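Chemist: Listed below are the residues making up each chain.
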Amino acid sequence: MTRGRILLVCAAAVCVVCAVLAALLARDVGRWPGAIRSGDLAAAGSAQSHRAVWSVDETLPFTPARRLLGVEDDVAFRQAVVLFRRAHTPDPTFAASPEGAMIRIRAETALAHTIRTDSNHKRASAAENMLGILALVDAATARTANATVDRSVLAFQDAIRLDPSNEQAKQNLELLFRQSSFRTSVRGRERLQRSAHAGASASAPGHGY
Amino acid sequence: MSPRPSIPLSSLSELRRKAHWTLVARVALAACLIAGLVLAFQVTHHSRRSEAFLDAGRSPVIALDLSWSVSYADSKLIEQTLQDVVDSGRRVGLVLFSDTAYAALPVGTNSDALRPFLRFFQGDVANPWRATFSAGTRIGAALDLARQMLHTSGVKNGSVVLISDLDDSPSDETDLARTLVAYQREDIPIRMIGVNATSQDVAFFRDALQSAGTVTALYAGTGTGGAPGTGRAFPVLLVVLVALIVLLLALNEQVLGALTWGRRRSAA
Numbered sequence: 001m002t003r004g005r006i007l008l009v010c011a012a013a014v015c016v017v018c019a020v021l022a023a024l025l026a027r028d029v030g031r032w033p034g035a036i037r038s039g040d041l042a043a044a045g046s047a048q049s050h051r052a053v054w055s056v057d058e059t060l061p062f063t064p065a066r067r068l069l070g071v072e073d074d075v076a077f078r079q080a081v082v083l084f085r086r087a088h089t090p091d092p093t094f095a096a097s098p099e100g101a102m103i104r105i106r107a108e109t110a111l112a113h114t115i116r117t118d119s120n121h122k123r124a125s126a127a128e129n130m131l132g133i134l135a136l137v138d139a140a141t142a143r144t145a146n147a148t149v150d151r152s153v154l155a156f157q158d159a160i161r162l163d164p165s166n167e168q169a170k171q172n173l174e175l176l177f178r179q180s181s182f183r184t185s186v187r188g189r190e191r192l193q194r195s196a197h198a199g200a201s202a203s204a205p206g207h208g209y
Numbered sequence: 210m211s212p213r214p215s216i217p218l219s220s221l222s223e224l225r226r227k228a229h230w231t232l233v234a235r236v237a238l239a240a241c242l243i244a245g246l247v248l249a250f251q252v253t254h255h256s257r258r259s260e261a262f263l264d265a266g267r268s269p270v271i272a273l274d275l276s277w278s279v280s281y282a283d284s285k286l287i288e289q290t291l292q293d294v295v296d297s298g299r300r301v302g303l304v305l306f307s308d309t310a311y312a313a314l315p316v317g318t319n320s321d322a323l324r325p326f327l328r329f330f331q332g333d334v335a336n337p338w339r340a341t342f343s344a345g346t347r348i349g350a351a352l353d354l355a356r357q358m359l360h361t362s363g364v365k366n367g368s369v370v371l372i373s374d375l376d377d378s379p380s381d382e383t384d385l386a387r388t389l390v391a392y393q394r395e396d397i398p399i400r401m402i403g404v405n406a407t408s409q410d411v412a413f414f415r416d417a418l419q420s421a422g423t424v425t426a427l428y429a430g431t432g433t434g435g436a437p438g439t440g441r442a443f444p445v446l447l448v449v450l451v452a453l454i455v456l457l458l459a460l461n462e463q464v465l466g467a468l469t470w471g472r473r474r475s476a477a
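Going down the list, the protein sequences come from chains F and V. Sequential numbering from 1 applies to the first sequence in this note's numbering. Sequential numbering from 210 applies to the second sequence in this note's numbering.
Take these hints with a grain of salt, some might be off.
[To be verified] In silico DMTMM-like cross-links for lysine to aspartate or glutamate, where the CA-CA straight-line distance does not exceed 25 Å:
#	chain 1	residue 1	chain 2	residue 2
1	V	Lys285	V	Asp296
2	F	Lys122	V	Asp410
3	V	Lys365	V	Asp396
4	F	Lys122	V	Glu395
5	V	Lys285	V	Asp410
6	V	Lys285	V	Asp264
[What the hints assert, rightly or not] Computed footprint of chain F on chain V, listed as stretches where at least three residues anywhere in the stretch have a Cβ under 8 Å from a Cβ of chain F:
#	stretch
7	376-382
8	392-399
[Stated by the list, open to error] Over the 10 Å line for every Cβ pair with chain V, so calculated as not near, a few chain F residues:
#	residue
9	Gly30
10	Arg66
11	Gly70
12	Pro92
Just so you know, the hints here were simulated from the structure itself, not pulled from any lab data. Predicted model, so just to flag it, every value in this text is computed and none were measured. Every residue gets a Cβ at the ideal spot worked out from N, C-alpha and C, and that includes glycine.
Looking at chain F on its own, in the form it has when it is part of the complex (with noise of 0.2 Å):
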């Protein structure tokens, strides 16, 4: 066998390699739309919405597939609003438990994190927005005397700030200012000397709700 056919065999078998490879990565890459799909869908149900997952078993090493379509940001985003709606029911003795701590805990790094890496402003901003309603539940089910509520007040802010079309932050500012604890912040009791307005001022000048 010449050099020359030697060299056109390994060639050949290269591509082949670089065929079967491309074909298992296109593979996965279709795999992951429908796993998006089923997990939002666990995650919708009420009940089960804890064991929502959105992952693909890829078939190549590395997760090529997850890596080349960029579905970190939004995987981490659906894991922390199933963290969040976890951490956040209406059962007062669940939140006050120990486990309703860990829960939220969880919940506000994950937010956290989704607020930092997510490129998104309206995803990065309803994290902030749940980050504030977490922070507010821990100021209500704080065990020391001296929770304050500026955590949340500065999430909101944030929140209005990344997104000013979130009305949700907005209301949610407006009410925490109405509710009478806000009077033991800092920031509670500078809007007081300052007699500025609460929710809506987060926004530019004459763009309120």
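With the hints as your guide, set chain V onto chain F.
Modeler: Showing chain V alone in chain F's frame:
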């Protein structure tokens, strides 16, 4: 031993240039191989040492748990871990904590300054914090102080190594949540070394930290491990280096191997 068969050449000078380039290629390949081997050794060597929890290129603050829940068996593990930090020769800060936290060494102190602390965890000398300082465990307070120290010293690429049994006080929940959120927001990595920590505590902090850090469980007598997920990540760099070395060896054999010849096969 019979000499290797060779063809006597009458015009050696004509091949001098090629012989020169062959020598250059041989030396370059040998250098690459040695560099690959040294790098592979470094990779495996560092993964065994304190570099596993001291991030390269970052200024770490060590937060050391001195609460009542830390037992004698724990203190032996703490001593070993601190010894690793001392041996690393890095510049570190030190926070000692229980119910409250205080800065024992500022950020940027040579790790040799930790050496005097080692004797208190060897069991021979009485632990001076036991009588007055040791109480409950407030990890949130320790992490908060470590973060403040990094801010105060103007360190942009800091990290925190927390050595504790991870048995956090229930009253610390709010502070812990606030602090972990701050770490996530500022992207400060936390390396938690759980000494004889329960699997529940390890699992909880692993869930809570997520991408912000790692939790390594250490158990007396068995060393690292125990809890699921504490194993090291797949050594990609090492595999790549080994593959590179194999490739270079193959290249050496293919391009620079001795010339061989055989009898010409007659056409069928």
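Chemist: If a hint holds in the structure, say so; if it doesn't, say that too.
Modeler: Verification of the supplied hints:
A hinted pair counts as satisfied when its Cα atoms are at most 25 Å apart, and Lys285/V with Asp296/V qualifies at roughly 17 Å. Using a Cα cut-off of 25 Å, the hinted pair Lys122/F and Asp410/V is violated, with the two alpha carbons roughly 34 Å apart. Of the supplied pair hints, the one linking Lys365/V and Asp396/V holds, its CA atoms being roughly 10 Å apart against a limit of 25 Å. Under the criterion of a C-alpha separation no larger than 25 Å, the hint pairing Lys122/F with Glu395/V is consistent with the structure, at around 20 Å.
A hinted pair counts as satisfied when its Cα atoms are at most 25 Å apart, and Lys285/V with Asp410/V qualifies at roughly 20 Å. A threshold of 25 Å between alpha carbons decides the hint, and for Lys285/V with Asp264/V the separation of about 23 Å falls inside it, so the pair holds. For a cut-off of 8 Å, the count of residues in the stretch 376-382 of chain V with a CB near a CB of chain F stands at 3, and the three-residue condition holds. Interface restraint, the stretch 392-399 of chain V with chain F: holds (3 residues with C-beta to C-beta distance below 8 Å; minimum three).
Every CB of chain V lies more than 10 Å from the CB of Gly30/F, the least distance being 26 Å, so the non-interface label holds. Residue placement check: Arg66/F keeps its beta carbon more than 10 Å from all beta carbons of chain V (closest about 15 Å). At the 10 Å boundary, the C-beta of Gly70/F stays outside the reach of chain V, the nearest C-beta of that chain being 16 Å off. Remark: the non-interface label on Pro92/F is consistent with the geometry, its nearest Cβ contact in chain V lying 15 Å away (cut-off 10 Å).
Hint check: a violation occurs at hint 2 only; the rest are consistent with the structure.
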